[in-house]
Amino acid sequence: GEDVEQSLFLSVREGDSSVINCTYTDSSSTYLYWYKQEPGAGLQLLTYIFSNMDMKQDQRLTVLLNKKDKHLSLRIADTQTGDSAIYFCAEKDPGGGNKLTFGTGTQLKVEL
Amino acid sequence: EPEVTQTPSHQVTQMGQEVILRCVPISNHLYFYWYRQILGQKVEFLVSFYNNEISEKSEIFDDQFSVERPDGSNFTLKIRSTKLEDSAMYFCATTRDGVPTGELFFGEGSRLTVL
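Residue numbers (this note's numbering), protein chains in the order written: chain A, 1 to 112; chain B, 1001 to 1115.
Treat the hints with care, as some may be off.
Stretch by stretch, here's where chain B covers chain A in the computed footprint (C-beta under 8 angstroms, at least three residues) [said to hold, decoys possible]:
no., stretch
1, 41-55
2, 103-112
A few chain B residues that don't get close to chain A, going by computed Cβ distances all over 10 angstroms [to be verified]:
no., residue
3, Thr1013
4, Arg1022
5, Gln1041
6, Lys1042
7, Glu1053
8, Phe1065
9, Gly1072
10, Leu1104
Derived pair list, reagent style BS3-like, types lysine-lysine, alpha-carbon separation capped at 27 angstroms [claimed, not checked]:
no., chain 1, residue 1, chain 2, residue 2
11, B, Lys1042, A, Lys109
12, B, Lys1083, B, Lys1042
13, B, Lys1078, B, Lys1057
14, A, Lys36, A, Lys56
15, B, Lys1042, B, Lys1078
16, A, Lys36, A, Lys68
17, A, Lys109, A, Lys36
18, B, Lys1042, A, Lys36
19, A, Lys109, A, Lys70
20, B, Lys1042, A, Lys56
21, A, Lys70, A, Lys36
22, B, Lys1042, A, Lys68
23, B, Lys1042, A, Lys70
24, A, Lys109, A, Lys56
25, B, Lys1042, A, Lys67
26, B, Lys1057, A, Lys70
27, A, Lys56, A, Lys70
28, B, Lys1057, A, Lys36
29, A, Lys68, A, Lys56
Note that these hints are calculated values from the structure, not bench results. Glycine included, each C-beta is placed from N, C-alpha and C at the ideal position.
With the rest of the complex left out, here is chain A (with noise of 0.2 angstroms):
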């Protein structure tokens, strides 16, 4: 089955960049998720790609994938303390269904 690995913690300055990262295992075709967990709300879709992409840009977020290595980043410029939140990489089924596989999420915070 897939999985979905992260790291658990991420501490920035404001104004830097922020590289989150994320493995998975399942080498199949499929769409790939950010999602930001802010304290005391739900999960809120961020971006995704499908994985014969290398890149996608969306304002302040790039996120990469390494198909080879399956590996993704999600790259945050110029972050910003409403930024800190929770960071969740999710995987959709390849084999059809509709659930989504997640990671543990990692915790990014942005000091000062």
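Start from chain A and add chain B according to the hints.
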């Protein structure tokens, strides 16, 4: 902006008791899901529901769990006889078009504590 709402936000119950968690999906959404997150662990898929029936369920979703949409609006998750290990945050999610590109909208979660 439309949102998924969940009730209760926090429920404390005794082991063996029945619990019902409720979700009001966004009105034109057709696909409904329950996920849960045990403290410090991954967000885990429980079940998906479409066209008034379960379309997929995980190993976690055993006979103690059930889902229904009794009145065409609320989407409920029932745990018949709660166990200590059911303590978790339960998230409802809905989407209009289904994944992959249909965005999953998550509720804020219902925290269940089983004593």
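Against the structure, the hints come out as follows:
no.: 1; hint: 41-55; result: holds (count 7)
no.: 2; hint: 103-112; result: holds (count 3)
no.: 3; hint: Thr1013; result: 21 angstroms, holds
no.: 4; hint: Arg1022; result: 15 angstroms, holds
no.: 5; hint: Gln1041; result: 7 angstroms, violated
no.: 6; hint: Lys1042; result: 5 angstroms, violated
no.: 7; hint: Glu1053; result: 13 angstroms, holds
no.: 8; hint: Phe1065; result: 15 angstroms, holds
no.: 9; hint: Gly1072; result: 21 angstroms, holds
no.: 10; hint: Leu1104; result: 6 angstroms, violated
no.: 11; hint: Lys1042(B) - Lys109(A); result: 19 angstroms, holds
no.: 12; hint: Lys1083(B) - Lys1042(B); result: 19 angstroms, holds
no.: 13; hint: Lys1078(B) - Lys1057(B); result: 14 angstroms, holds
no.: 14; hint: Lys36(A) - Lys56(A); result: 17 angstroms, holds
no.: 15; hint: Lys1042(B) - Lys1078(B); result: 21 angstroms, holds
no.: 16; hint: Lys36(A) - Lys68(A); result: 26 angstroms, holds
no.: 17; hint: Lys109(A) - Lys36(A); result: 13 angstroms, holds
no.: 18; hint: Lys1042(B) - Lys36(A); result: 14 angstroms, holds
no.: 19; hint: Lys109(A) - Lys70(A); result: 26 angstroms, holds
no.: 20; hint: Lys1042(B) - Lys56(A); result: 25 angstroms, holds
no.: 21; hint: Lys70(A) - Lys36(A); result: 21 angstroms, holds
no.: 22; hint: Lys1042(B) - Lys68(A); result: 24 angstroms, holds
no.: 23; hint: Lys1042(B) - Lys70(A); result: 19 angstroms, holds
no.: 24; hint: Lys109(A) - Lys56(A); result: 24 angstroms, holds
no.: 25; hint: Lys1042(B) - Lys67(A); result: 23 angstroms, holds
no.: 26; hint: Lys1057(B) - Lys70(A); result: 26 angstroms, holds
no.: 27; hint: Lys56(A) - Lys70(A); result: 16 angstroms, holds
no.: 28; hint: Lys1057(B) - Lys36(A); result: 24 angstroms, holds
no.: 29; hint: Lys68(A) - Lys56(A); result: 17 angstroms, holds
Against the hints set out earlier in the document, violations occur for numbers 5, 6, 10.
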